[in-house]
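Starting from the structure of chain S, add chain G where the hints point.
Here are the chains, one letter per residue:
2 protein chains.
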Amino acid sequence: MVRWEPGARERLQAAAMDLYISRGFEKTTAADIAQAVGLTERTFFRHFADKREVLFSGQELLEQALLDGVAAAAPHASPLEMVEFALSAAAALFPAERRDHSRRRQTIISGNPALQERELLKLAGLASAVAAALRSRGVPDAMATLAAESGMTVFGVAFRKWIAEGEERSFLDIEREVLGELVAMAVGAA
Amino acid sequence: MVRWEPGARERLQAAAMDLYISRGFEKTTAADIAQAVGLTERTFFRHFADKREVLFSGQELLEQALLDGVAAAAPHASPLEMVEFALSAAAALFPAERRDHSRRRQTIISGNPALQERELLKLAGLASAVAAALRSRGVPDAMATLAAESGMTVFGVAFRKWIAEGEERSFLDIEREVLGELVAMAVGAA
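Going down the list, the sequences are from chains S and G.
Per the UniProt record's numbering, residue 1 is the first one in the first sequence, and the count goes up by one each step.
Per the UniProt record's numbering, residue 1 is the first one in the second sequence, and the count goes up by one each step.
Chain S extracted, bound-state conformation (with noise of 0.2 Å):
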């Protein structure tokens, strides 16, 4: 029997994060979250497979996004454009006050090496799944895979800058500037 408990997933994963931060990953269980909230661990088991996915369920949002950008790009777009749509696609998962949660998953990460492997694995399945969306749409398979990776690099280098303490413009911004760099790095070995 599944209970519908209203808000259930969003406060799990507020109370997780606050946890993780005060406590430490490591040192947090999924029964401590539950509690946080009033909620068994059950619920939680209904909600997250363990308590690393609170930190990485919004993946499959940011792929679907990327995807559906390289399906929104015009029909003979180029590899690159079809990349620049999916990263302004993935943009907007990233709002400003969607930042202070990013800055405080990432603290979380960055403190604990085997968060910073899933992350890297996760990145690494986002570029293949962009390859694949490029193939589909006809780019053969080299320029698939470079086209997709340099993507990814720009979507990480923003992301890093976006979350950078001080940092106020949007996430898209960043990304054009970073793609921006990634091109005339290119152009300057032309």
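To be clear, the hints were calculated from the coordinates, so they are not data collected in a lab.
Quick caveat, the model's predicted, so the values are computed rather than measured.
It is possible that some hints are incorrect.
Copies of the same chain look alike in the list, so a pair counts if it fits in one copy or across any two.
[As the list claims (entries may be wrong)] With a Cα cut of at most 30 Å, we get these calculated DSBU-like pairs of lysine-lysine:
id	residue 1	residue 2
1	51	122
2	51	161
3	122	161
4	122	27
Positioned in the frame of chain S, the structure of chain G alone reads:
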């Protein structure tokens, strides 16, 4: 007491690769590998931390080659020129006579998700090492990450091309082609 067995490391590595291919990585133990060349399990562990390390021990040489390459670039080289030097130095580790070994290694890794993850993490570690080397040569933080990750993207795509069936061009030629594709992709957007 460490006894010296002439060529033990190479013999263990060759036997391990044969067993990983014929029997499967999961079903091969360190003892099996040692036994195949008439050595003890203890000798195996003097040379390799575990049976996975047989597949990844070469990555220290690769990292050193990449860093040597960055160091060898001219004083006022651009970030991408430094990366080109790094890629050229790395190519020297992949002569034609290494191609079959690399193909077999890739077959083993492709068949095992945990090995694939380890490979991805090792490559990410190489990108971080190259980025740090670029920073130490005065490249600004974000640009160092962009250039280093682009370089490792080129390396990865070049590697997959180099081990493709029927491919006979040198690693260096393929790297140059792929770097040219990356530059062309970006120049198209400038």
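Hint check results:
For the homomeric pair residue 51 and residue 122, the shortest alpha-carbon distances inside one copy (16 Å) and between copies (25 Å) are both at most 30 Å. Proximity of residue 51 and residue 161 under a CA criterion of 30 Å is satisfied intra-copy only: 27 Å inside one chain copy versus 39 Å between copies. With identical chains, the CA atoms of residue 122 and residue 161 are at most 30 Å apart both within one copy (19 Å) and between copies (24 Å). Proximity of residue 122 and residue 27 under a CA criterion of 30 Å is satisfied in both settings, with 23 Å inside one chain copy and 28 Å between copies.
When held up to the earlier numbered hints, the structure conflicts with none and fits them all.
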